Structure formats: structure tokens, C-alpha cells
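From first to last, the protein sequence lines stand for chains A and B. So for the first sequence, our numbering puts the first residue at 99; every next one is plus one. So for the second sequence, our numbering puts the first residue at 14; every next one is plus one.
Honestly, the hints are just simulated from the structure, not real lab data. Nothing here was measured: the structure is a model prediction, and the numbers come from that model. A hint or two may mislead.
Partial list, computed: chain A residues near chain B (C-beta under 7 angstroms) [what the hints assert, rightly or not]: (1) Tyr-110; (2) Ala-148; (3) Pro-170; (4) Ala-183.
In silico DSS-like cross-links for lysine-lysine, where the CA-CA straight-line distance does not exceed 30 angstroms [what the hints assert, rightly or not]: (5) Lys-454(A) / Lys-322(A); (6) Lys-275(A) / Lys-217(A); (7) Lys-188(A) / Lys-265(A); (8) Lys-86(B) / Lys-113(A); (9) Lys-134(B) / Lys-113(A); (10) Lys-275(A) / Lys-322(A).
Backbone N, C-alpha and C fix where the C-beta goes; we use that ideal spot for every residue, glycine too.
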Amino acid sequence: MASVTITNVWKYYGKTAAVRDLNLVCEDGEFLCVLGPSGCGKSSTLRMLAGLEHISAGDILFGERRVNDIPPKDRDIAMVFENYALYPHKTVYDNIANSLRLRRLDKSTIDQKVQKAAKMLEIEQLLDRRPGELSGGQKQRTAIGRAIVREPELFLFDEPIAHLDAKLRAHMRVELKLMQRELGTTMIYVTHDQLEALSMADRVAVMHEGVLQQFGPPQDVYYKPANQWVAGFVGEPPMNFLDCEIVEEGDLLSVRHSSFTTALLPEQAAIIRQSGDARAVTLGIRPEEISIDASSSERSFSGNVMLTEPLGGDLLVDVALEDSKVLVKTKPSYRGGRGEPCHLTFDRSRWHLFSKENGVAYF
Amino acid sequence: MASSDIVRYRSPLRRALSVATIVFLVVYLVWTILPLFIMFVSSFKDLLAAFALPEVGDWLNIGIFFDFEPTVKHYVELFTVNNFSDYLINSIIASGGSAVVSVVLGSMAAYALSRAEFRGKKDLFFWIISTRMAPVVAVMVPLYAIFRGVGLVGTLPGLILAYTTFNLPFAIWMLKGFFDNVPYAIEEAAMCDGSTRFQAFRAILPLVAPGVGAFLVLCILFAWNDFLFASIIGSGGAKTLPPATRELVQPQNIQWGKIMAAGVVTTLPMMLLGLVIRRYLVAGLTMGAVRE
Numbered sequence: 099m100a101s102v103t104i105t106n107v108w109k110y111y112g113k114t115a116a117v118r119d120l121n122l123v124c125e126d127g128e129f130l131c132v133l134g135p136s137g138c139g140k141s142s143t144l145r146m147l148a149g150l151e152h153i154s155a156g157d158i159l160f161g162e163r164r165v166n167d168i169p170p171k172d173r174d175i176a177m178v179f180e181n182y183a184l185y186p187h188k189t190v191y192d193n194i195a196n197s198l199r200l201r202r203l204d205k206s207t208i209d210q211k212v213q214k215a216a217k218m219l220e221i222e223q224l225l226d227r228r229p230g231e232l233s234g235g236q237k238q239r240t241a242i243g244r245a246i247v248r249e250p251e252l253f254l255f256d257e258p259i260a261h262l263d264a265k266l267r268a269h270m271r272v273e274l275k276l277m278q279r280e281l282g283t284t285m286i287y288v289t290h291d292q293l294e295a296l297s298m299a300d301r302v303a304v305m306h307e308g309v310l311q312q313f314g315p316p317q318d319v320y321y322k323p324a325n326q327w328v329a330g331f332v333g334e335p336p337m338n339f340l341d342c343e344i345v346e347e348g349d350l351l352s353v354r355h356s357s358f359t360t361a362l363l364p365e366q367a368a369i370i371r372q373s374g375d376a377r378a379v380t381l382g383i384r385p386e387e388i389s390i391d392a393s394s395s396e397r398s399f400s401g402n403v404m405l406t407e408p409l410g411g412d413l414l415v416d417v418a419l420e421d422s423k424v425l426v427k428t429k430p431s432y433r434g435g436r437g438e439p440c441h442l443t444f445d446r447s448r449w450h451l452f453s454k455e456n457g458v459a460y461f
Numbered sequence: 014m015a016s017s018d019i020v021r022y023r024s025p026l027r028r029a030l031s032v033a034t035i036v037f038l039v040v041y042l043v044w045t046i047l048p049l050f051i052m053f054v055s056s057f058k059d060l061l062a063a064f065a066l067p068e069v070g071d072w073l074n075i076g077i078f079f080d081f082e083p084t085v086k087h088y089v090e091l092f093t094v095n096n097f098s099d100y101l102i103n104s105i106i107a108s109g110g111s112a113v114v115s116v117v118l119g120s121m122a123a124y125a126l127s128r129a130e131f132r133g134k135k136d137l138f139f140w141i142i143s144t145r146m147a148p149v150v151a152v153m154v155p156l157y158a159i160f161r162g163v164g165l166v167g168t169l170p171g172l173i174l175a176y177t178t179f180n181l182p183f184a185i186w187m188l189k190g191f192f193d194n195v196p197y198a199i200e201e202a203a204m205c206d207g208s209t210r211f212q213a214f215r216a217i218l219p220l221v222a223p224g225v226g227a228f229l230v231l232c233i234l235f236a237w238n239d240f241l242f243a244s245i246i247g248s249g250g251a252k253t254l255p256p257a258t259r260e261l262v263q264p265q266n267i268q269w270g271k272i273m274a275a276g277v278v279t280t281l282p283m284m285l286l287g288l289v290i291r292r293y294l295v296a297g298l299t300m301g302a303v304r305e
């Protein structure tokens with residue numbers, strides 16, 4: 099077991115910087131997810147941790163040990179690849195046993211460990227098959243088996259379940275999380291799927307264009323996004339963004355949009371006042387934090403239903419405001435149809451204001 | 014999934030083409046197989062029987078071509094009087110040796126060229142193949158001088174080295190293509206498993222086995238059929254089958270029977286090798302470990 103410390107790490111490919119000045123600390127036994135769209139530098143980070151890429155600048159430490167110049171085989175890591183990377187000419191058993199054979203363990207120990215891993219992953223009946231005869235999920239289990247028999251200090255997972263179908267993915271999410279809790283091994287898991295990151299990780303590192311955007315527990319990333327980019331990337335359906343301005347009405351600070359003006363909560367007003375004379379802002383609010391009703395109420399404002407999308411247990415409603423639109427997530431009990439007027443209320447404790455200049459969140 | 018059959022419709026042109034195809038194939042088969050067949054049959058004939066041929070155009074008497082007492086005396090004499098067993102062994106060692114050396118060195122060089130990035134890689138790569146551009150006769154004289162200087166003329170190691178100089182660039186070029194097709198992830202997985210770079214290289218070797226197998230055959234073929242190197246570099250101590258066969262042509266006596274038998278001895282092993290190795294040349298390992 100080991101903690102992982104990444105300090106001021108840069109990665110260049112030629113002249114393009116894939117990772118810019120990354121600082122991360124992953125605690126011993128922690129499940130850390132690195133989340134970001136493709137090309138954000140998350141895989142490069144993982145490959146530097148594995149030792150498959152040189153570190154252009156900065157240091158990576160496992161515990162107290164600086165690993166910059168240590169080859170992969172001596173780092174005591176196990177990696178699961180996006181495309182599984184099984185040895186096609188070897189059976190499942192030999193694939194899993196490979197790392198143990200390289201360590202020259204005796205036959206009975208190897209057999210015991212392989213059987214144990216196979217049992218845990220429920221692939222005992224597949225041990226004689228070759229990768230070509232396996233389904234995607236089975237290959238994935240084999241790849242994970244190959245990683246866990248090593249009993250490494252650190253697991254590195256590179257989008258391991260990205261290629262499985264949705265149902266199997268949901269199943270594997272639970273299994274991977276259980277497995278990590280059981281083994282207690284530090285795990286760094288790279289994914290572009292925010293659902294995976296939020297559901298499995300102890301902490302999530304969100305990356306974009308090589309820069310770390312936010313690092314914290316999943317709830318923080320979801321409920322307190324550091325900037326507009328994180329707010330828009332995390333969450334499905336995505337957050338609504340509305341161009342607004344701050345107006346002063348007597349003592350109160352309010353957010354004004356072409357179709358509504360709503361007062362800020364006192365503590366929110368204090369933050370805005372402190373930050374100086376911010377006037378143009380972006381209001382962000384998640385679809386589930388807007389309530390929709392046919393009749394008006396205090397602080398509600400009106401719009402028109404453009405479209406409804408029933409999702410079974412939930413209902414998505416596209417609502418047209420004067421010059422923009424918002425997406426609302428509600429329950430199927432809402433009966434409004436296309437073109438009908440409706441009234442929206444924002445949950446003010448859950449909305450966010452972002453600077454128009456640099457997208458940084460005020461709250 | 015779409016059917017892999019090509020949809021065809023009958024038309025007079027297509028019918029004519031299919032007839033033409035069959036005619037072409039028949040002519041081609043006669044053209045390639047007949048000489049081998051005559052060589053094979055003649056090697057079992059006495060000298061007189063070998064020249065018992067019908068008149069030109071007299072197809073009815075074609076039977077006399079097959080009317081002979083089979084004899085194996087040419088084969089027996091080749092191996093007892095003419096030491097062909099030695100030459101056969103020399104041929105095997107020279108061609109097999111150079112093929113193995115070329116494959117071992119070639120696969121390592123090809124792997125390096127496929128995986129590593131370094132300055133001047135393209136130039137190096139081009140230089141390697143450019144050594145094959147000069148015709149063999151152009152380098153023969155200087156090569157002979159060098160080999161004589163270091164005492165390699167007339168020895169098997171000399172012959173192996175000579176063949177390797179010509180096979181190696183070819184090996185590197187061919188095998189690099191095979192390595193390029195192997196995904197990096199597999200050797201990266203091997204390195205994470207605890208392999209050194211060299212062990213990782215060995216881990217992916219089975220994936221290029223079809224390429225290595227095919228190339229091994231080409232190397233052996235080149236060396237086995239070679240006459241020029243064999244007669245100049247290998248002359249004397251390391252005589253192989255082709256120059257040995259040529260020696261059966263003597264000014265006062267051309268020993269046709271033995272020449273035919275020697276031809277069979279030279280050709281047969283390569284034909285058998287081709288049959289054995291065919292599965293490597295056609296397909297290979299079933300891939301599928303990596304999602305394409």
C-alpha cells in the first residue's frame with residue numbers, strides 16, 4: 099500500500115503540453131478517479147504513473163519513493179488497459195499467472211493465487227480459454243484478474259469498462275468498488291464517464307486541457323463545482339447556464355435575466371459584494387433543482403413548454419424563456435404539453451454564479 | 014453482416030472470360046509442372062531411355078516416354094561416388110544458419126525500429142534497405158577480397174555471413190511491418206506485469222510468428238537456390254548443392270541422369286518445406302485480445 103504524490107508534473111508531446119503543472123495527492127488506500135473528456139491529459143497522467151511515459155517535468159512519489167526513473171516492472175503497480183491488452187496466444191490462466199511466473203513463484207503458490215482471483219471474478223470455468231473466445235466482459239475480468247494477482251501497491255485503471263454495454267458497466271461499477279474496498283489497495287481510475295467517477299471514487303480529480311480543474315469528494319464536485327467547465331461537464335442531464343447580470347435593488351442584490359429577476363440569498367449577496375463589482379455573470383442551475391408548475395407562485399416566472407421527454411421514472415421538460423431555454427427534470431406527474439405556459443421556480447440554495455470573464459464560481 | 018460473396022450476373026462476356034481463365038490456367042500449369050515432371054521421371058531412367066523420345070509432332074508414340082525400366086542408380090552414385098550427402102548437409106547448414114541469424118538479428122532490429130523514436134531513424138531505415146539495391150555481382154569482388162583476407166572463403170561460417178548480409182536488410186524491413194501491427198498495449202501490459210523490455214519483446218514474438226515463419230522460408234529459399242555466392246565464397250570447403258550439380262557437367266561427359274537426380278534432391282526439400290510451412294504463410298494466430 100502506498101500514497102501517491104504528484105508534484106508540479108508536466109508532460110509534453112513535442113511542443114504540445116498534455117499535462118500542465120499537475121499537483122495531486124492520493125492517500126493510502128484511496129479510490130481516486132481522474133475524470134475528463136478525451137484528450138484532457140488523464141491517460142497521460144496514468145501512463146506516467148505506470149512508467150510507460152517519461153515525465154517531462156516534476157516528480158511522482160509512491161510513499162516516500164521517487165519513481166520518476168524507475169521502470170514499470172519495479173514500481174509495484176498493476177494496470178488494466180482500456181483495450182484489455184491480453185496476451186492473445188495465452189489461455190486465461192496463463193494470462194493471469196504471467197506476472198507471478200515472472201516473479202518466479204513456485205507452481206502451487208501460483209495456482210492457488212490464480213484460482214483465488216478467478217473465483218473472486220467468477221471466471222473459473224474460463225481458465226482454459228484463449229482471449230479470442232471470450233466476450234468483452236470476460237476479457238475485462240481476465241484483465242482485472244491479471245492485475246489483482248500481483249497484489250500491487252497501486253492499481254491503475256485506464257477506462258477499463260468503457261467498452262462494455264450499459265448494463266454490464268453498471269454491474270462492473272459495483273463490483274470494482276467492492277473489490278477495491280475489500281483489497282484496500284490504492285486505486286487510480288481514469289474515466290471520461292462522470293457516472294463512474296461519482297459513483298465509485300473517494301475523491302475525483304477533474305481535468306480539462308491538461309489542467310486540473312477541481313479535486314475533491316464526488317459531492318463537492320457535483321454540488322460545489324469550482325468553475326463553469328466542471329459544472330457543465332459533471333451531471334447528466336447537464337446544468338443549465340443563463341447569461342445574467344447583478345442588479346442592486348435597495349439593500350438587496352438580485353440576478354436579472356430577460357425573463358426574471360430573483361434576489362440572491364444574503365450569504366450569496368455577501369460573496370458577490372466581497373468580490374468587487376461583478377456585474378455580468380453566468381447563472382448555473384441543475385435541471386432537478388428547478389420546479390415546474392402549471393400555476394404561478396412566489397418567485398416563480400413563466401415560460402413555455404417546448405418539448406417533454408419521458409424517461410420512465412423522470413420527465414425532462416424543455417422550457418423556452420424569452421431568449422433562452424432551460425431543461426427541467428421533474429416527475430411524470432407533471433402533465434404540461436407542448437406549447438403550454440408553465441411556471442418555474444429555482445432552488446436558490448442550489449444555484450451557482452460564475453464569473454463571465456474566467457468561469458470561476460462565486461458560489 | 015453482408016455476404017462476402019460477390020454478386021455476379023451471367024453475361025456472354027463473363028462466360029468467355031471464364032473459359033479464357035481455364036485455358037490460361039491449363040497452359041500455365043503445363044508450363045510450370047512439365048519441366049519438373051520430366052526432371053523427376055528422367056532421374057529414374059538410364060541414359061539411353063532418357064533420350065528415347067518420339068519424333069516432333071508424333072503424339073501417338075508418346076508412350077515410349079514412359080516405357081523404361083526404373084532405376085535408382087543415379088541417386089545411389091550421387092551419394093556414394095559424388096559425396097552429395099556432404100553437399101546436402103552444407104546446403105542445410107548454410108541456408109538454415111543464415112535464416113536463423115537473420116531472423117534473430119532482424120526481429121530485434123525491426124522491433125527497435127518499430128517502437129523507438131530517435132534522430133535519423135528514417136535515414137537509418139533507408140540505409141538498411143539501400144544495401145540491397147546494389148546487384149550481387151557488383152559487391153562480389155570486394156566481398157571476396159574481404160572474406161579471403163579474414164580467411165572466411167570456403168568455410169560454412171563465411172557462407173552464412175554472406176547470405177546474412179543479403180537477408181538481414183530484407184528481414185528488418187519485412188518484420189518491422191509485422192511489429193507495427195502489434196498494439197503497444199500488449200507489451201505495456203507485459204512491462205506492468207514485471208517484464209523487462211526484452212521479456213516484453215519476447216512476449217509479443219508469438220504474435221509476429223506468422224511473419225517470422227514466412228520470412229524464414231524466404232531466407233532459406235534465397236540461400237538454398239543461390240549459385241553465385243556458393244560457387245565463389247563457398248568454393249572448396251563449403252560446397253552446396255547448386256555448384257555441386259554444375260560440376261556434373263564435365264567437358265567430355267554430361268551426366269544427364271545424375272543431373273536430373275541432383276535436381277530432384279535440390280528441389281524436393283524446398284517443396285516439402287513449402288507444404289509444411291503453408292499454414293504460417295496463410296493465416297496465423299487468432300487475434301482478439303485487443304479490441305480493435
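Structure-based check of each hint:
A hinted interface residue such as Tyr-110(A) counts as satisfied when its beta carbon comes closer than 7 angstroms to some beta carbon of chain B; here the least separation is about 14 angstroms, so the hint is violated. Interface restraint check: Ala-148(A) against chain B, minimum CB-CB distance 6 angstroms, threshold 7 angstroms, status holds. The beta carbon of Pro-170(A) comes within 4 angstroms of a beta carbon in chain B, closer than 7 angstroms, and the hint placing it at the interface holds. Hint status for Ala-183(A): holds, given a least beta-carbon distance of 4 angstroms to chain B, under 7 angstroms.
Proposed proximity of Lys-454(A) and Lys-322(A) is supported: the alpha carbons are some 17 angstroms apart, at most 30 angstroms. In summary, the hint linking Lys-275(A) to Lys-217(A) is supported, as the alpha carbons are separated by about 17 angstroms, within the 30 angstroms threshold. Straight-line distance between C-alpha atoms of Lys-188(A) and Lys-265(A) comes to about 29 angstroms, which keeps the hinted pair within the 30 angstroms bound. Only pairs whose Cα atoms come within 30 angstroms are accepted, and Lys-86(B) paired with Lys-113(A) is rejected, the gap being roughly 76 angstroms.
Annotation: proposed proximity of Lys-134(B) to Lys-113(A) holds, straight-line Cα distance about 20 angstroms (limit 30 angstroms). The suggested pairing of Lys-275(A) with Lys-322(A) holds, with an alpha-carbon distance near 24 angstroms, which does not exceed 30 angstroms.
Violation of the numbered hints given earlier is confined to hints 1, 8; the remaining hints are satisfied by the structure.
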